[in-house]
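*Asks:* Numbering-wise (my numbering), the first sequence opens with residue 21 and increments by one.
Quick caveat, the hints were computed from the structure, so don't treat them as lab data. Just so you know, not all the hints are guaranteed correct.
[What the hints assert, rightly or not] Here are the in silico distance ranges between beta carbons for each label pair:
#, residue 1, residue 2, range
1, G457, Q80, 46 to 52 Å
2, G369, T324, 23 to 29 Å
3, G185, S233, 20 to 26 Å
4, S42, Y269, 31 to 37 Å
5, T324, Q47, 43 to 49 Å
6, A235, L271, 46 to 52 Å
7, D311, G500, 30 to 36 Å
8, D311, D516, 57 to 63 Å
We treat Cβ as the ideally placed atom computed from N, Cα and C, and that holds for glycine.
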Amino acid sequence: MDGTELLRAELARAAQSLGAPSDIEPQLERPRDPSFGDWASNLAMTLAKPLGRKPRELAQAIVERLDYARAGISSAEIAGPGFINFRVAGDVFAEGLRALIAAADQYGRSNVGQACPVNVEFVSANPTGPLHVGHGRQAALGDAICALLAATGWRVTREFYYNDGGVQILNLALSVQARVRQLGGQTVDLPEGGYHGEYIRDLAQRYIDEHSSDANAEDVDALRRFAVRELRKEQDRDLQAFGVHFDVYFLESSLYTDGRVDQTVDRLISAGHTYEKDGALWLKTTDFGDDKDRVMRKSDGTYTYFVPDVAYHVTKWERGFKRAINVQGADHHSTVTRVRVGLQALDIGIPEGYPEYVLHQMVTVMRSGEEVKISKRAGSYVTVRDLIDEVGRDAVRYFFLMRKGDSQLVFDVDVARSQSDENPVYYIQMAHARLSGIFRVGEIDPESITGVDVDLSVLELSEEQELMKALLDYPTLIAGAAQSLEPHRVATYLHDTAGKIHLWYHKAHVLNEPDEILRARLVLARASQLVLRNGLELLGITAPERM
RNA sequence: GCGCCCAUAGCUCAAUCGGAUAGAGCGUCUGACUUCGGAUCAGAAGGUUGGGGGUUCGAGUCCCUCUGGGCGCACCA
């Protein structure tokens, strides 16, 4: 609801009277230069070819047929190659602001998702160490995507999938075992491919404390269970510190114990897409566009990773998620094709693009001008916890969200740590704190502001007009960000809008102004405060009343 | 060798479905505080959108190609 329905309908009517097809849906956009007007339409240019007329001439014809009152506009001008620029009638802004305030924390939300269930899987770190910065980016991204989907009417399930068995976990157990024995005075090396981080030594010490009967760490199974449990707890603490929660933790091992892996293999075989070669069982993924076939069951009888992956996604489908979104690092992009192909080969009615993937590029951490290598095994990587402790949750979230996921991210710890104006999150939060300050100092309850019976036509500064337009764009922005699964659009919008707020705040005083100015500006302040607060909440960032 | 992603101001990044004069922040330079917070604001400088070709009324955006970077290409996960 951005108040353009009337204008779009009127444009469509005018165009149809000139011979345009009955199903056209004219698009409106904000002109780059605000002096052109409030809205612009390229309708005449898109219709010029099919109707065989010159764009500007067609634009003129459309404008002549417009009923300004019905469209809610005060002017329509033709510009450039055939744009039509509109100015909105003043009361449209006023009504928009009142509706905004009445909606309050619901402003910007919609119901396009129609309460359909959607599963969003993210982080999904294996319990072999603390969460690193890459997981941090994924946590911020996934959490914001969930918030956007929820805000647009989807019923969201946040899911964390992890591998609690297999070779990696065995290495983990053996690494702890080696450390236990070292602490007992023995000279032993860590296993090949083992984990070298300090946290392994901590785990070993705690294992000794809790398992006095197994001083030499002979019980590998107990070591494994202990290490997985402790590292899961540690990851949960990291996530909690980051303010991220999950609804479902899904264990890979459960796919084996409940027979789903075998079931999946059987189904693939009976669907006729497999063959045996060199003692292994292969899936003909090339039938579905892969560049070569993939092994499902190795000659030693165990399955390759992608079989449980496929089985896992079958459970998502069978749990009723017609839509599933996976947020993953781009280093896993090769799984995209394989999981989808595996699901197709099952031939159980799962659509081709299932699941959807949001891939994010790698994070490079810079400290003191040098790259800090991220490696679980080296144990010298930067963890999510490190970042939160150093720069705070809000700044970490914002840093991870301010960029498109598909570009690489340089996280400069030194810059992020400096609590200065280099951190854009403070700029946004400051705008919110300033608005809150108006109400605090004026001893006015912001909840009492409704805009009803207030003449908003006195808000005639250009800064006020621009700010109002930005605030009324918010619902469209949210809808677009949710649809494209791009939270960075919200971050960019909030930064822009905060700029408009600072500008207005600097130019226009609120308190101690004549009554009609005071009342109108309080409405604008309240509306701005609500938009900032709603937007920040979607990104998981606090909106402080004072800083 | 093959596949995916990226390349925009000195640096880090935006740019809504292909729209008008490509925008912010930082950094640099010049300015603004008796008011509700100077963590702010105003102004200036800074660009052949990596190179080349194509598509069209119009290309940072789409197609081809080259260059440069990241990631992935095991009967590892």
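*Asks:* The structure should be examined with respect to each hint, and the outcome stated for every one.
*Replies:* Hints and how they fare:
1. G457 <-> Q80: 46 to 52 Å: holds, 50 Å
2. G369 <-> T324: 23 to 29 Å: holds, 25 Å
3. G185 <-> S233: 20 to 26 Å: holds, 24 Å
4. S42 <-> Y269: 31 to 37 Å: Violated, at about 52 Å.
5. T324 <-> Q47: 43 to 49 Å: Between T324 and Q47, where Cβ atoms are some 47 Å apart, the hint holds.
6. A235 <-> L271: 46 to 52 Å: Once the Cβ atoms are compared, 30 Å apart, the range 46 to 52 Å for L271 and A235 is violated.
7. D311 <-> G500: 30 to 36 Å: Hint holds: Cβ distance 35 Å, inside 30 to 36 Å.
8. D311 <-> D516: 57 to 63 Å: This hint is violated: roughly 43 Å between Cβ atoms.
Checked against the numbered hints above, the structure violates hints 4, 6 and 8; every other hint is satisfied.
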